[in-house]
Amino acid sequence: MPEISNDEGTVWAKVIAGKALGKEAVIDTVIPITYIHMRMEPGATYTHTSNAEHNLMVYAFGGSVNIEGRSLHDGGLGLLSEGERVVLNAEEDGAEFLLLGGPELGEPIARYGPFVMNTREEIYQAIEDFNNGTLA
Numbered sequence: 001m002p003e004i005s006n007d008e009g010t011v012w013a014k015v016i017a018g019k020a021l022g023k024e025a026v027i028d029t030v031i032p033i034t035y036i037h038m039r040m041e042p043g044a045t046y047t048h049t050s051n052a053e054h055n056l057m058v059y060a061f062g063g064s065v066n067i068e069g070r071s072l073h074d075g076g077l078g079l080l081s082e083g084e085r086v087v088l089n090a091e092e093d094g095a096e097f098l099l100l101g102g103p104e105l106g107e108p109i110a111r112y113g114p115f116v117m118n119t120r121e122e123i124y125q126a127i128e129d130f131n132n133g134t135l136a
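The numbering of the sequence shown is the working numbering, which starts it at 1 and goes up by one.
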């Protein structure tokens with residue numbers, strides 16, 4: 001997986017899927033998604049550009065990141081408003097987070113524990129298959 005830093009060395013990214021800091025992931029996904037592990041030094045700024053039709057979210061797991069004027073702290077999940085650009089600023093303790101995104105599914109979602117399907121019936125079938133050892 002490509003790892004890259006900005007010229008100042010204040011923003012680091014591991015590009016798992018998508019693109020960041022001019023570097024594109026080596027994997028080809030069926031649908032275009034964003035999955036980037038980022039670290040930022042205190043006071044660093046990163047502007048991410050993505051498809052305006054994609055939903056983006058940030059999961060912080062170290063430090064604090066300010067997103068468009070709102071702080072997201074360790075363990076926090078922020079859903080971002082639609083748009084092509086998002087500005088992320090590391091606060092005084094720096095920041096480490098996942099930047100995740102992709103197109104809206106346009107399908108119903110049913111979930112139970114680790115199972116995610118489209119309907120309740122599919123959930124029941126998945127649980128039965130799991131319990132029988134036939135989950136494929």
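One or more hints might be untrue.
Stated by the list, open to error - In silico EDC-like cross-links for lysine to aspartate or glutamate, where the CA-CA straight-line distance does not exceed 16 Å:
1. K14 x E96
2. K19 x E84
3. K23 x E41
4. K14 x E24
5. K23 x E53
6. K19 x E3
7. K23 x D7
Claimed, not checked - Derived Cβ-Cβ restraints for the label pairs, each shown as a range:
8. E8 x N66: 16 to 22 Å
9. P2 x F61: 17 to 23 Å
10. E92 x V116: 35 to 41 Å
11. R111 x G76: 18 to 24 Å
12. E92 x M1: 26 to 32 Å
13. G43 x T134: 51 to 57 Å
Please keep in mind that the hints were generated in silico from the structure rather than gathered at the bench.
Treat the numbers as computed from the prediction; the structure is a model and nothing was measured.
Yeah, the Cβ is synthetic: ideal placement off N, Cα and C, and Gly gets one too.
Against the structure, the hints come out as follows:
Among the hinted pairs, K14 with E96 is consistent with the structure: their alpha-carbon atoms are about 11 Å apart, no more than 16 Å. Distance hint between K19 and E84 is fulfilled; the C-alpha atoms sit about 13 Å from each other, no more than 16 Å. Using a Cα cut-off of 16 Å, the hinted pair K23 and E41 is violated, with the two alpha carbons roughly 19 Å apart. For the hint linking K14 to E24, the alpha-carbon distance of about 10 Å falls within 16 Å, and the restraint holds.
Distance restraint check for K23 and E53: the Cα-Cα separation of roughly 21 Å exceeds the 16 Å cut-off, and the hinted pair is therefore not satisfied. A hinted pair counts as satisfied when its Cα atoms are at most 16 Å apart, and K19 with E3 qualifies at roughly 11 Å. For the proposed pair K23 and D7, the alpha carbon gap of about 13 Å is at most 16 Å, so the pair holds. For the pair E8 and N66, the supplied restraint of 16 to 22 Å holds, since their beta-carbon distance comes to about 18 Å.
Taking the beta carbon of each, P2 and F61 are about 21 Å apart, inside 17 to 23 Å as hinted. For E92 and V116, the hinted distance range of 35 to 41 Å is satisfied, since their beta carbons lie about 37 Å from each other. Remark: the range hint 18 to 24 Å for R111 to G76 is upheld by a beta-carbon distance near 21 Å. Taking the beta carbon of each, E92 and M1 are about 29 Å apart, inside 26 to 32 Å as hinted.
Between G43 and T134 the Cβ separation comes to about 53 Å, which falls inside the hinted range of 51 to 57 Å.
Of the numbered hints listed earlier, those contradicted by the structure are 3, 5.
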